[in-house]
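**Q** Construct all of the structure, not just a fragment, from the sequences and the given hints.
There are 2 protein chains.
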Amino acid sequence: MKKIAVLGYGVVGSGVVELFYRNQKKIEANTGTKLEIGYILDLREFPDDSYQDRVVHDIQVILDDPEVGYVAESMGGVNPAFDFVRRCLEAGKSVATSNKQLVAEKGDILLQTAKAHHVNFFFEASVGGAIPIIRPLHTCLAANDISSIAGILNGTTNFILEKMFCDNMRFANALALAQKLGYAEKDPSADVDGGDACRKICILSSLVFGKHVYPDQVYTKGLRNVTLEDVQLAQRLGGAVKLIGAVKRLDDGRILPTVMPMIVMEDSLLSHVNGVFNAVMVWGDGVDKTMFYGRGAGKLPTASAVLGDLIDAVKQTDTDLSQSWEPAEADADFVAPIDAFSAPRCYRTSPCGSGVFARIAAETGVELQNAAEDGCMISCCDQKTAEAFKQKLGQEGVTILSRIPVLVD
Amino acid sequence: MKKIAVLGYGVVGSGVVELFYRNQKKIEANTGTKLEIGYILDLREFPDDSYQDRVVHDIQVILDDPEVGYVAESMGGVNPAFDFVRRCLEAGKSVATSNKQLVAEKGDILLQTAKAHHVNFFFEASVGGAIPIIRPLHTCLAANDISSIAGILNGTTNFILEKMFCDNMRFANALALAQKLGYAEKDPSADVDGGDACRKICILSSLVFGKHVYPDQVYTKGLRNVTLEDVQLAQRLGGAVKLIGAVKRLDDGRILPTVMPMIVMEDSLLSHVNGVFNAVMVWGDGVDKTMFYGRGAGKLPTASAVLGDLIDAVKQTDTDLSQSWEPAEADADFVAPIDAFSAPRCYRTSPCGSGVFARIAAETGVELQNAAEDGCMISCCDQKTAEAFKQKLGQEGVTILSRIPVLVD
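As they're listed, the protein sequences go chains A and B. Under the numbering used here, think of the first position of the first sequence as 880, with each following residue one higher. Under the numbering used here, think of the first position of the second sequence as 880, with each following residue one higher.
Hints may contain errors.
For chains that are exact copies, the list does not tell them apart, and a pair is met inside one copy or across any two.
As the list claims (entries may be wrong) - As a list, the in silico DSSO-like pairs of lysine-lysine whose alpha-carbon atoms are at most 30 angstroms apart:
id	residue 1	residue 2
1	K913	K1168
2	K1178	K881
3	K1090	K904
4	K1090	K905
5	K1194	K881
6	K1065	K985
7	K1065	K1168
8	K994	K905
9	K905	K1168
10	K1194	K882
11	K904	K1194
12	K1263	K905
13	K1194	K985
The set of hints was computed from the structure by calculation and includes no laboratory data.
**A** Take a look at the structure:
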């Protein structure tokens, strides 16, 4: 018999305990190991809880019990989660976490610690909640040279954008509705300013390209400046605005991770991902493209991913080296700045007619892909060309009201 | 150094060799093992091929070489693939196959053989081509009680249905176009009659529910009777006709695997899966629902899945018992007959008006969900109720032109 310890008995931690006992038989058959929830670490007491006898307040109890082989970390935040997880790994216990901040900021250190102690540090739940994406990336797609990833990595903002798109709600009203329904926090900045999606694209970038990418290396632009008029123009031009976390390998070998509102055209499956769901599209030289979709958050969905990791940890005999990456320091020039960004663009403008757009596109050396009275889409171009197009429009007396890049699927 | 042998040097086999050498470094880093394509088994000679020096004609050469640890089988068909794969497993070599017929008909035997010899028999490429689905099901989703699966498992028929839906083509014309473009065979029966999707749903059902499901246990209805008028009615009622391979666990514990045209409503992501792409939706008690999408066939996509399996095989130290199932014989009553099927239905009829549909729905005890002049959708009901609804319509002088079930997402 081996014990599992759960660190943090909030929404995710209690979900892990609940789903474990619901499917304990299946989990034990899958791993060939008798398992039990041995401890639940939390500062609080839970006098009415069925598992209150497992609650402890001191991490040392868990560290000292050699029967604890596996730890689920769902405390959130970097402190004290980082310290606790590191000590668990050093004590020879594999850890599965749902804590994206921890992985995005300290993943490289914890992966090295796990390796040094022949255990595993898994984090399937840290990106896309229930969606199997971390493990497929480094197992099923292991024979691919992956060139880029783009995903809807935050359910709250996706819900808000759907309300703007389908129900013509303004951003503020859609956000208020998301808060009322419990999808958004009272302080919604981590979602709407892109910080949450940023952490997730850091994790995906690090895993796929092999070196740690930190949140402050990612160009991150949230949703606050996206207006209903932007969403409606995109719709008229055949697309939907989505908050896209993406990373691309450039021709010079550097990578460019970004979080920003982008227009996804309706022939891309990503444009049809609605509500609080997440989806991640992956491009590789073998698979072409493949997409993973599911709930990005929630008690049992997240618990499903944490438990999937624990099950894998039980089956491993040593560190799984494919789910790892190097520290960032070794290569300071690994992450490109936003100047290197190129994409098709959509401009919303004062009404001027498509003739003006066509002429200025020709002058700037880009293709006019689509136009309305009050906006247009131009073909893929770099930042400098996009700026030139904008300036020429200005010289014609056209006011630029917004500029949103278009995702190339 | 370990050798890989490739059985069958057709489209998939040559893709395996090509993708292996393209990403050899990455594959070796991932597995921590030096690897080489040692042999290519084929009856033919390939005098102009870069790897013609690896071509052999006798399986015994491969069986006798102790350096061959891993085998990619891409011959297709049951004979002689079954015999060759079994002997490879008996000789202690793990096998990855793209051969869905082999897995659907002989999977249980080969899985037992692999187990007896402490090696692996993997088949990610047998369902959904490039899409990671087999491994996520038994690893990432291992903590879930999976209740049902529904997917677009055949790209050829999905292409045909898209042409009917988007371009108003008749079935015969869309099929002819698919043949012209190389998506459909000259004899298209395996695709359009559902046999290909049937094998795939057998494999998914066996894996998820733990006992072998044979093709002849699956109710299989192809696409030949789906008319343009059916597709257009579905569109007017807010859905798209898709060929759906599905399996569901019934309340009595039996499972019901089916392949049939179904209407998928536009609020389901599955309805937006177009072209030759495949997608598999999975429902579990932890994840709620999650979907996997990608190319269902093709040289490099399929090779990507085969190589992903081989990489996993290299990393395994023994048989992975979670990717396995029991022979079917133990429980003859495991698979329910089609009589147990229940779903909402769509009827296409002679024009009669929605008043008639509403009245007869009320008389039959079902809900009218949606109606047009010449058709309607009724709420979920069993086969008997659906038959009663149809008969009552007939008694009113209404001609039933088609009946298509609706997928509940």
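**Q** Each of the hints needs a verdict: does it hold here or not?
**A** Taking the hints in turn, this is what the structure says about them:
1. In this homomeric assembly, K913 and K1168 come within 30 angstroms of each other (Cα to Cα) only across copies, at 28 angstroms, whereas the closest approach inside a single copy is 39 angstroms.
2. When the C-alpha separation of K1178 and K881 is checked against a cutoff of 30 angstroms, the pair qualifies only within one copy, where the shortest distance is 24 angstroms, while the shortest distance between copies is 44 angstroms.
3. Taking the shortest Cα distances, K1090 and K904 sit within 30 angstroms of each other only across copies (17 angstroms), while inside one copy they are farther apart (38 angstroms).
4. In the homo-oligomer, the alpha carbons of K1090 and K905 lie at most 30 angstroms apart only across protomers (14 angstroms), although the nearest pairing inside one protomer, at 36 angstroms, exceeds that limit.
5. In this assembly of identical chains, the alpha carbons of K1194 and K881 lie at most 30 angstroms apart whether taken from the same copy (12 angstroms) or from different copies (24 angstroms).
6. Taking the shortest alpha-carbon separations for K1065 and K985, only the intra-copy value of 27 angstroms comes in at or below 30 angstroms, while the best inter-copy value is 56 angstroms.
7. Taking identical chains as interchangeable, the C-alpha atoms of K1065 and K1168 lie at most 30 angstroms apart only when they sit on different chains, with a minimum of 28 angstroms there against 37 angstroms within one chain.
8. For a Cα distance limit of 30 angstroms, the shortest separation of K994 from K905 qualifies both inside one copy, at 29 angstroms, and across copies, at 19 angstroms.
9. For a Cα distance limit of 30 angstroms, the shortest separation of K905 from K1168 across copies, 19 angstroms, qualifies, whereas the shortest one inside one copy, 33 angstroms, does not.
10. In this assembly of identical chains, the alpha carbons of K1194 and K882 lie at most 30 angstroms apart whether taken from the same copy (14 angstroms) or from different copies (26 angstroms).
11. Both within a single protomer and between protomers do K904 and K1194 lie at most 30 angstroms apart by alpha-carbon distance, with minima of 16 angstroms and 26 angstroms respectively.
12. Neither within a single protomer nor between protomers do K1263 and K905 lie at most 30 angstroms apart by alpha-carbon distance, with minima of 57 angstroms and 35 angstroms respectively.
13. In this assembly of identical chains, K1194 and K985 lie within 30 angstroms of each other by CA distance both inside one copy and across copies; the values are 25 angstroms within and 26 angstroms between.
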